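Enquirer: Below are the chains, spelled out letter by letter.
There are 2 protein chains.
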Amino acid sequence: MIFQLYYWPTIQGRGEFVRLALEDAGAEYVDVARGKGRGSGVPALLAQMNRADAPHPALAPPFLKAGDMMIAQTANILLYLGPKLGLAPRATADRLWVHQLELTIADFIVEIHDTHHPIASSLYYEDQAAEARRRSTIFIDERIPKFLGYFERVLRRNPRRGGWMVGARASTADLSMFQVIEGLRYAFPKATARSERDLPRLVELRERVAARPRLAAYLGSKRRIPFNDSGIFRHYPELDH
Amino acid sequence: MIFQLYYWPTIQGRGEFVRLALEDAGAEYVDVARGKGRGSGVPALLAQMNRADAPHPALAPPFLKAGDMMIAQTANILLYLGPKLGLAPRATADRLWVHQLELTIADFIVEIHDTHHPIASSLYYEDQAAEARRRSTIFIDERIPKFLGYFERVLRRNPRRGGWMVGARASTADLSMFQVIEGLRYAFPKATARSERDLPRLVELRERVAARPRLAAYLGSKRRIPFNDSGIFRHYPELDH
Chain G
1 MIFQLYYWPT
11 IQGRGEFVRL
21 ALEDAGAEYV
31 DVARGKGRGS
41 GVPALLAQMN
51 RADAPHPALA
61 PPFLKAGDMM
71 IAQTANILLY
81 LGPKLGLAPR
91 ATADRLWVHQ
101 LELTIADFIV
111 EIHDTHHPIA
121 SSLYYEDQAA
131 EARRRSTIFI
141 DERIPKFLGY
151 FERVLRRNPR
161 RGGWMVGARA
171 STADLSMFQV
181 IEGLRYAFPK
191 ATARSERDLP
201 RLVELRERVA
211 ARPRLAAYLG
221 SKRRIPFNDS
231 GIFRHYPELD
241 H
Chain A
1 MIFQLYYWPT
11 IQGRGEFVRL
21 ALEDAGAEYV
31 DVARGKGRGS
41 GVPALLAQMN
51 RADAPHPALA
61 PPFLKAGDMM
71 IAQTANILLY
81 LGPKLGLAPR
91 ATADRLWVHQ
101 LELTIADFIV
111 EIHDTHHPIA
121 SSLYYEDQAA
131 EARRRSTIFI
141 DERIPKFLGY
151 FERVLRRNPR
161 RGGWMVGARA
171 STADLSMFQV
181 IEGLRYAFPK
191 ATARSERDLP
201 RLVELRERVA
211 ARPRLAAYLG
221 SKRRIPFNDS
231 GIFRHYPELD
241 H
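Chains as they are written, first to last, in my numbering: chain G, 1 to 241; chain A, 1 to 241.
It is worth saying that the hints were derived from the structure and are not from the lab. This structure is a prediction, so every number in the text was calculated from the model and none was measured. Ideal placement from N, C-alpha and C gives every residue a C-beta, glycine not left out. Keep in mind that the hints are not guaranteed to be accurate.
Stated by the list, open to error - Facing chain A, a subset of chain G residues (Cβ under 7 Å, in silico):
{"hint": "1", "residue": "His56"}
{"hint": "2", "residue": "Leu59"}
{"hint": "3", "residue": "Ala72"}
{"hint": "4", "residue": "Gln73"}
{"hint": "5", "residue": "Leu96"}
{"hint": "6", "residue": "His99"}
{"hint": "7", "residue": "Leu103"}
{"hint": "8", "residue": "Thr104"}
{"hint": "9", "residue": "Pro118"}
{"hint": "10", "residue": "Ile119"}
{"hint": "11", "residue": "Glu131"}
{"hint": "12", "residue": "Arg135"}
{"hint": "13", "residue": "Ile138"}
{"hint": "14", "residue": "Tyr186"}
Stated by the list, open to error - Label-pair ranges, simulated between beta-carbon atoms:
{"hint": "15", "chain 1": "A", "residue 1": "Ala130", "chain 2": "G", "residue 2": "Arg157", "range": "39 to 47 Å"}
{"hint": "16", "chain 1": "A", "residue 1": "Tyr150", "chain 2": "G", "residue 2": "Thr10", "range": "40 to 48 Å"}
{"hint": "17", "chain 1": "A", "residue 1": "Gly37", "chain 2": "G", "residue 2": "Ala60", "range": "41 to 49 Å"}
{"hint": "18", "chain 1": "G", "residue 1": "Arg169", "chain 2": "A", "residue 2": "Arg51", "range": "22 to 30 Å"}
Unchecked claim - Derived list of chain G stretches under chain A, where covered just means 3 residues or more per stretch with a C-beta under 8 Å from a C-beta of chain A:
{"hint": "19", "segment": "75-83"}
{"hint": "20", "segment": "151-157"}
Modelling step: build the complete structure from the supplied sequences, incorporating the hints.
Expert: Set out below in structure tokens:
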């Protein structure tokens, strides 16, 4: 099956968590809004999102077309894709555990986004910079240690060797965790470098994911959109410490 | 099976979405932190959360013990419970659709919470009241219509009669939607009343859920913790308009 991913074409954003899974698995997919020509580009994304007859409409991208199915919500897409891409454990209990981790990552992502947009997504950063600075200070001091300390603990408690979050093989949760660390390094280089001193397993996990051949090829390609100041992870030096 | 729910005993919070499903189904469960005696109360909640040997630790309540499994993240718990409680559709595609709605509700819940805590959960409301007012104004004007308009559309597009969100029977998504509307009515009475004029199907859904016999009994019982100013939904008159 050729998957069709619908997401904004100029940012990594939430769509990147899906791209990483598809790329790591070598799956065939079309990144619809990044294509050229008929049925591609942002107009195709918007047309699909606003179809009046869509039975399962999405509130927002990303959403994935897989045969007759249209699935939205990043973690939900990964819940569906994981087993199909060989990026999920077999046992139901372990799949719920992977999903629990994905949802905890999703919570963290909201908090990361809101460091630069604590008042409203519809306002410019410049119009909420004072609040952003206040929120970011506490985010760095309290929330980064809380979340990353938790994920480090998850790695430490996994009884299986290999350094993955769940069981003895890579899952979507590992890829998503990689993306979070990459993003934090970009957005908050000082705070992240300091935190990483106490997070040896997460640092190793990042290396391990980055070294996966198909993912390494993807990360070095033009398909990987660079971080920028429009996505979830934004580098405003005044917010880092 | 007797489920054990671990959640804070004095607020509805995220635990309430799980309680509603368990109560509606007439499931046997223990609300651990609300019990008295050994192995109960907040100490039991904290002890379970901080167990050094827990293989699947939770970052935060709620979490559910079901036999040997320990499951956290509200939407993940409902994903697990739905089929067991007769509150999920049969087809995989429909279950993913219910879950997509639960995750969209979860996103909304974060935004609702952050109206009164836009800077940090660890600060008092009084220490971020100015920012809260700014965030709430935009939340009311932009986000309530966006989210509730979406859910109204979901109800309108369901080809099956009955007034439920997915298919012809109630699912956890309907119960969660009920809770959101109840909470918004409590927190933002003026804004919610105004919004509801354009949301006839959501208003009907709320009535339909509230009238389910086991749920009606629960809502009239002492087990239903009243809304208060410590939960997700808080009524600060200065934030409503």
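Enquirer: Given as covered by chain A, does the segment 75-83 of chain G meet the bar of three residues or more with CB within less than 8 Å?
Expert: holds (count 4)
Enquirer: Take the shortest C-beta to C-beta distance between Tyr186 (chain G) and chain A; is it under 7 Å?
Expert: violated, 23 Å
Enquirer: Was the hint right that Leu96 (chain G) lines chain A, CB cutoff 7 Å?
Expert: This interface hint holds because 6 Å falls under the 7 Å limit.
Enquirer: Next item in the hint list is Ala72 (chain G). Is there a CB on chain A closer than 7 Å to its CB?
Expert: holds, 5 Å
Enquirer: Identify whether the interface hint at Ile119 (chain G) stands, where standing means a beta carbon of chain A within less than 7 Å of its own.
Expert: Interface hint status for Ile119 (chain G): holds (5 Å vs cutoff 7 Å).
Enquirer: Hold the hint about Thr104 (chain G) up to the distance rule: shortest CB distance to chain A must be less than 7 Å.
Expert: holds, 5 Å
Enquirer: When the nearest CB of chain A is found for Gln73 (chain G), is that gap smaller than 7 Å?
Expert: Because about 4 Å separates Gln73 (chain G) from the closest Cβ in chain A, which is inside the 7 Å limit, the hint holds.
Enquirer: The hint names Glu131 (chain G) as touching chain A; please verify it with the least Cβ-Cβ distance against 7 Å.
Expert: holds, 5 Å
Enquirer: Starting from the range 22 to 30 Å, see whether the pair Arg169 (chain G) and Arg51 (chain A) falls in it by beta-carbon distance.
Expert: Between Arg169 (chain G) and Arg51 (chain A), where Cβ atoms are some 26 Å apart, the hint holds.
Enquirer: Using the C-beta atoms of Tyr150 (chain A) and Thr10 (chain G), is the stated range 40 to 48 Å upheld?
Expert: The hinted range 40 to 48 Å is violated for Tyr150 (chain A) and Thr10 (chain G), with Cβ atoms some 24 Å apart.
Enquirer: Holds or violated: 39 to 47 Å for the Cβ distance of Ala130 (chain A) and Arg157 (chain G)?
Expert: holds, 42 Å
Enquirer: If you take the shortest Cβ to Cβ gap from Arg135 (chain G) to chain A, is it below 7 Å?
Expert: It holds, given that the least Cβ distance between Arg135 (chain G) and chain A is near 5 Å, below 7 Å.
Checked against the numbered hints listed earlier, the structure breaks hints 14 and 16; every other hint is satisfied.
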